[in-house]
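**Student:** Here is what each chain is made of, one letter per residue.
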Amino acid sequence: MGDRSALLDIAGVSKVYETDRGGFLGFGRRRSLRALDGISLSVGRGEVIGVVGESGSGKSTLGRIIVGLEKPTSGRVDYRPSPERPGARLGPQMVFQNPIGSLNRRQTIRQILTEPFRVHAPEVDAERRAADLMEEVGLSSRFAGRRPSEISGGQAQRVAIARALALQPELVVCDEPVSALDVSIQAQILNLFSRVQAQSGCSYLFISHDLQVVERLSHRVAVMYLGRIIETADTATLFASPRHPYLRALIESAPVLSAGKRRFHPIKGEIPSPVAPPSGCHFHPRCPLAMPRCKVEKPMLRDFGNGHLAACHLD
Amino acid sequence: MAAYARRFARNRMAALGAGILLAMLFVAAFAPWLAPQDVYDLSTLDIMDSRLPPGGESFAGGVYWLGTDDQGRDLLSASMYGLRVSLVVALAGTTAALAIGVFFGILAAYAGGAVDTAIMRVVDLQLAFPSILTALVMVALFGAGLEKVVLAIAISQWAIFARTLRSTAIVERTKEYVKAAVTLRYSSARIMLVHLLPNSIAPLSVLVVAEIAAAISLEAMLSFLGIGLPVTRPSLGLLISNGYSYMLAREYWISMVPGAFLVLLLLSINLVGERMRQLNES
Amino acid sequence: MTDGNDQVLSVRSLSTEFDGEDGALRVVDDVAFSVGRGEILGIVGESGSGKSVTGYSIMGLVDPPGRVASGDVVLEGRRLDLTDDAAMRKVRGNAISMIFQDPMTSLHPLLTIGDQMIDAILAHRKMPKREARSLAVEALRKVGIPSPEVRVRSYPHQLSGGMRQRVAIAIASLNQPALIIADEPTTGLDVTIQAQILHEIQMLVADRGMAVIWITHDMAVVGQLADRVAVMYAGRIVEEGPTQAILDSPAHPYTIGLLGSLLGRNRGKAELPQIPGSIDNAHRLTGCRFAPRCAHARAECEARPPMVEVSPGHHSACILATEQADG
Numbered sequence: 126m127g128d129r130s131a132l133l134d135i136a137g138v139s140k141v142y143e144t145d146r147g148g149f150l151g152f153g154r155r156r157s158l159r160a161l162d163g164i165s166l167s168v169g170r171g172e173v174i175g176v177v178g179e180s181g182s183g184k185s186t187l188g189r190i191i192v193g194l195e196k197p198t199s200g201r202v203d204y205r206p207s208p209e210r211p212g213a214r215l216g217p218q219m220v221f222q223n224p225i226g227s228l229n230r231r232q233t234i235r236q237i238l239t240e241p242f243r244v245h246a247p248e249v250d251a252e253r254r255a256a257d258l259m260e261e262v263g264l265s266s267r268f269a270g271r272r273p274s275e276i277s278g279g280q281a282q283r284v285a286i287a288r289a290l291a292l293q294p295e296l297v298v299c300d301e302p303v304s305a306l307d308v309s310i311q312a313q314i315l316n317l318f319s320r321v322q323a324q325s326g327c328s329y330l331f332i333s334h335d336l337q338v339v340e341r342l343s344h345r346v347a348v349m350y351l352g353r354i355i356e357t358a359d360t361a362t363l364f365a366s367p368r369h370p371y372l373r374a375l376i377e378s379a380p381v382l383s384a385g386k387r388r389f390h391p392i393k394g395e396i397p398s399p400v401a402p403p404s405g406c407h408f409h410p411r412c413p414l415a416m417p418r419c420k421v422e423k424p425m426l427r428d429f430g431n432g433h434l435a436a437c438h439l440d
Numbered sequence: 012m013a014a015y016a017r018r019f020a021r022n023r024m025a026a027l028g029a030g031i032l033l034a035m036l037f038v039a040a041f042a043p044w045l046a047p048q049d050v051y052d053l054s055t056l057d058i059m060d061s062r063l064p065p066g067g068e069s070f071a072g073g074v075y076w077l078g079t080d081d082q083g084r085d086l087l088s089a090s091m092y093g094l095r096v097s098l099v100v101a102l103a104g105t106t107a108a109l110a111i112g113v114f115f116g117i118l119a120a121y122a123g124g125a126v127d128t129a130i131m132r133v134v135d136l137q138l139a140f141p142s143i144l145t146a147l148v149m150v151a152l153f154g155a156g157l158e159k160v161v162l163a164i165a166i167s168q169w170a171i172f173a174r175t176l177r178s179t180a181i182v183e184r185t186k187e188y189v190k191a192a193v194t195l196r197y198s199s200a201r202i203m204l205v206h207l208l209p210n211s212i213a214p215l216s217v218l219v220v221a222e223i224a225a226a227i228s229l230e231a232m233l234s235f236l237g238i239g240l241p242v243t244r245p246s247l248g249l250l251i252s253n254g255y256s257y258m259l260a261r262e263y264w265i266s267m268v269p270g271a272f273l274v275l276l277l278l279s280i281n282l283v284g285e286r287m288r289q290l291n292e293s
Numbered sequence: 010m011t012d013g014n015d016q017v018l019s020v021r022s023l024s025t026e027f028d029g030e031d032g033a034l035r036v037v038d039d040v041a042f043s044v045g046r047g048e049i050l051g052i053v054g055e056s057g058s059g060k061s062v063t064g065y066s067i068m069g070l071v072d073p074p075g076r077v078a079s080g081d082v083v084l085e086g087r088r089l090d091l092t093d094d095a096a097m098r099k100v101r102g103n104a105i106s107m108i109f110q111d112p113m114t115s116l117h118p119l120l121t122i123g124d125q126m127i128d129a130i131l132a133h134r135k136m137p138k139r140e141a142r143s144l145a146v147e148a149l150r151k152v153g154i155p156s157p158e159v160r161v162r163s164y165p166h167q168l169s170g171g172m173r174q175r176v177a178i179a180i181a182s183l184n185q186p187a188l189i190i191a192d193e194p195t196t197g198l199d200v201t202i203q204a205q206i207l208h209e210i211q212m213l214v215a216d217r218g219m220a221v222i223w224i225t226h227d228m229a230v231v232g233q234l235a236d237r238v239a240v241m242y243a244g245r246i247v248e249e250g251p252t253q254a255i256l257d258s259p260a261h262p263y264t265i266g267l268l269g270s271l272l273g274r275n276r277g278k279a280e281l282p283q284i285p286g287s288i289d290n291a292h293r294l295t296g297c298r299f300a301p302r303c304a305h306a307r308a309e310c311e312a313r314p315p316m317v318e319v320s321p322g323h324h325s326a327c328i329l330a331t332e333q334a335d336g
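Chains as they are written, first to last, in the working numbering: chain A, 126 to 440; chain B, 12 to 293; chain C, 10 to 336.
Think of the hints as simulated: they come from the structure by calculation, not from any bench. Wrong hints could be hidden among the right ones.
As the list claims (entries may be wrong) - On the chain B side, residues computed to face chain A include the following (Cβ under 8 Å):
#: 1; residue: 190
#: 2; residue: 201
#: 3; residue: 206
#: 4; residue: 210
To be verified - Quick look at which bits of chain C chain A covers, simulated, 3 or more residues with Cβ under 8 Å:
#: 5; stretch: 18-31
#: 6; stretch: 117-128
#: 7; stretch: 165-174
#: 8; stretch: 187-193
#: 9; stretch: 229-236
#: 10; stretch: 264-271
Please read these numbers as outputs of a predicted model, since none were measured by experiment. C-beta: ideal position from N, C-alpha, C; glycine also.
Hey, can you work out the whole structure from these sequences and the hints?
**Tutor:** This is the structure we're talking about:
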């Protein structure tokens, strides 16, 4: 990879956590947890990249590293915002999974939304900007004096989105932003995301376990399994012709509304623990098409044309 | 606020305690106007009236409802003033302890790592010593007197505030609103003061009440031992101490009257504090 | 509706109330449905629909300040008194079992899963412990847990989320219940693990003819798992019928709105249709509780609409359905 003009360029990022030694009197072996293993990704300006994975995939860790909440153990994260944009020096912003938990319960909505301006742009009229933001995310002004405990999950997520956008960042990382919301509210919030993205032209890194959500919003999708990206392509191609057996199983397992009643034939086995990942291709113990080579050799991402990359030994 | 008061009052004993406490606070605040005698004005004292039992008549014809002490001071008035002094000293000391404890507690929780470890070791060390021992050491080093007593209270109490606050703050620090503040590049000071602190302070409100009671006790102990407050502004402890030598002479009221005030004060504070803790947990 | 002989559970006039500051709130309001042998009934709803409380009510697990105000429940031909705790104890874990959303909270953290399963067996049947233990190992094997003889000595925190939920299913099926009530058991689980759990449930139903009530907010899961669906809103069933009929021709504005807002239905569209308004205060209404958010609301909606049949076995509680049925 290595896209010089990209807004965000990640190369070879790994994140290893050292766990406590445990064992007898603390003399056990130190085990390491490899949450991310050599991730390379780039996000262009105005682009929405979807990141899909299940538990243990490392997608949330990736999100945290991009916004700077954690530092990678190795690898490079280059963020190159346009210098003329006001939000340039602030770094990528984030929308979190738990809407009400991501707001300070002691502050009113008004205080939450004026704070970014009072801290970083004291010369602007913070009250007015906050009011504009509320309007932009479809929140009535009567919520301004309320506290997070007095509003619903959907409303809280609107506040969180408004706050993330306040200083006009060029990249917003969204970590499972609709998973905690009711189904009918999800529709409202996803609409909001689309609208905001189109108007502001900012880029998103949209992290989710839900394929349909990612399919709807993203231009390109990256699929993660146990710390590695195993496939990436533009959205249409990825869902039309998935190559990696894991991605195929994922698509196959996801309940689809239109298909009607059916028998479930899931892939066997559990998602392995990142502390003791399988050798070679992480997926080989569960893969119906595994070959002897898969146990030994880690598959690298190969280009199948048109930017469609997959990490699998099969042709 | 009103709803909290109603819930509080459902427990009859606690409501009674609160009532007594409020009455005592009122008395302490307005002692100079409520007390029948100004015990600090030596000209009002008559040595001929000394050691009168409760109900005894003064030379001037008035009644000493709770008796007088060896200097002719009306014990009711002396106790009211003593209450005032005891409360002021305890409140000052606990407030100072709160300020120090909150500062170090939130710093330890936010900074983590070596700073947290260092602060917590000092806290552990402080908590290993009983407060009376700490106070005695302070007095040995700096002498007795009002400021020294307040300092002794502050030094012996800050550690429990620091530790309690740090425990809560460490949990709050993992929550997403703090991560959001970090992502928004707010300053450390702002995150600590505006985000972490208000959300971590709740358990302290109950602790403060208990510590005020402890401060009153500590001051009383020090004054009883004669190394606390000066004689000119006697607290309840000093009054008790003063009257102690008369117990054998069966003039028990000189010690018991301020003693009863002290017990009543501590009891009511504890009842209120316990009820607050109960409500906090449910 | 299901055939009388094959009926495992029949519920009529079930109402559950919660006492609050402003009086009692009917969180389940006059609910009726039935489930037959080998049938999976999906109860679908969002927050505040009352779907979980319905499940708890049938199990007799409603604690004060809530109480079951009324209910005519018949299980395998016998009437159940939901308020009689002693009688319900014999039924719970025996004829009816329940699986909860978070197995970490429904499993005892300090007992091995073997011990918990033995407890569940011995609570209803007398047998030597050794026999109960081998039944437990067999049950674990049946739900696809590898090396069950070893796993039986594990503690819940040593297992993954998917495994724990399988243990919960194993425990629920130990005493050969006629009915299993599953309350959002796959919410929060990974999609591939969810598929495994759904597979296990399907096996149980196919092998033993068990009846299952699957409570969820996920229409897609229900669409692929359930034979029949009941849609709940603000404490009432607004529509019920065969799954395909409800998905193809929903007959209640809420169902239509809900299905319309789902991603699966809107693949090409720029904007997802959404249901306006919110559920606030709906529980206080005596008439149609969806009316404040409904585009077709009329004066007649101030009276509670009756359930009418719009096609064989498919019922809707809406004035529009009544008109359609009439002609």
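**Student:** Would you mind marking each hint as holding or not holding in the structure?
**Tutor:** Results for each hint:
| no. | hint | result |
| --- | --- | --- |
| 1 | 190 | 6 Å, holds |
| 2 | 201 | 7 Å, holds |
| 3 | 206 | 5 Å, holds |
| 4 | 210 | 6 Å, holds |
| 5 | 18-31 | violated (count 0) |
| 6 | 117-128 | violated (count 0) |
| 7 | 165-174 | holds (count 4) |
| 8 | 187-193 | violated (count 0) |
| 9 | 229-236 | holds (count 7) |
| 10 | 264-271 | holds (count 5) |
In this structure, the hints that do not hold are numbers 5, 6, 8, in rising order.
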